[in-house]
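Asker: Going letter by letter, the sequence shown gives residues 46 to 105 in our numbering.
FYI, nobody ran anything at the bench for these hints, they're computed from the structure. Please note that a few of the clues may not be correct.
[Claimed, not checked] Okay, the calculated beta carbon distance ranges per label pair: (1) 54 with 76: 43 to 49 angstroms; (2) 102 with 77: 26 to 32 angstroms; (3) 53 with 94: 24 to 30 angstroms; (4) 61 with 93: 17 to 23 angstroms; (5) 61 with 90: 17 to 23 angstroms; (6) 48 with 74: 52 to 58 angstroms; (7) 71 with 51: 40 to 46 angstroms; (8) 58 with 84: 41 to 47 angstroms.
[To be verified] Straight-line Cα separation of at most 30 angstroms, BS3-like style, residue types lysine-lysine; simulated pairs: (9) 97 with 85; (10) 75 with 97; (11) 97 with 54; (12) 87 with 97; (13) 75 with 85; (14) 87 with 75; (15) 75 with 54.
Idealized CB from N, CA, C, for every residue including glycine.
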Amino acid sequence: MAKSKYKIKTVVLRPILDLSEAEQIVENGKTSLFRSMLQKPKKMEVHVHSIKLSYEAFLI
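Required output: the full structure, derived from the provided sequences and hints.
Answerer: See below:
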């Protein structure tokens with residue numbers, strides 16, 4: 046048999062943040078986007094619709 050000239054590599058996906066860390070970051074900074082307005086809303090008045098986590102790829 047002929048040897049393959051390609052090496053087999055494994056791609057591992059790992060989360061950059063877990064969901065609880067992402068939720069905490071959003072909760073702490075969700076009113077900072079409104080600083081340019083006349084009135085800064087309370088944290089309870091701002092609703093976060095969804096949080097999307099992305100993954101970081103590693104070649105092993």
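Asker: Quick one: which hint numbers does this structure break? Sort them smallest to largest.
Answerer: The structure conflicts with hints 3, 5 and 15, although it agrees with all the remaining ones.
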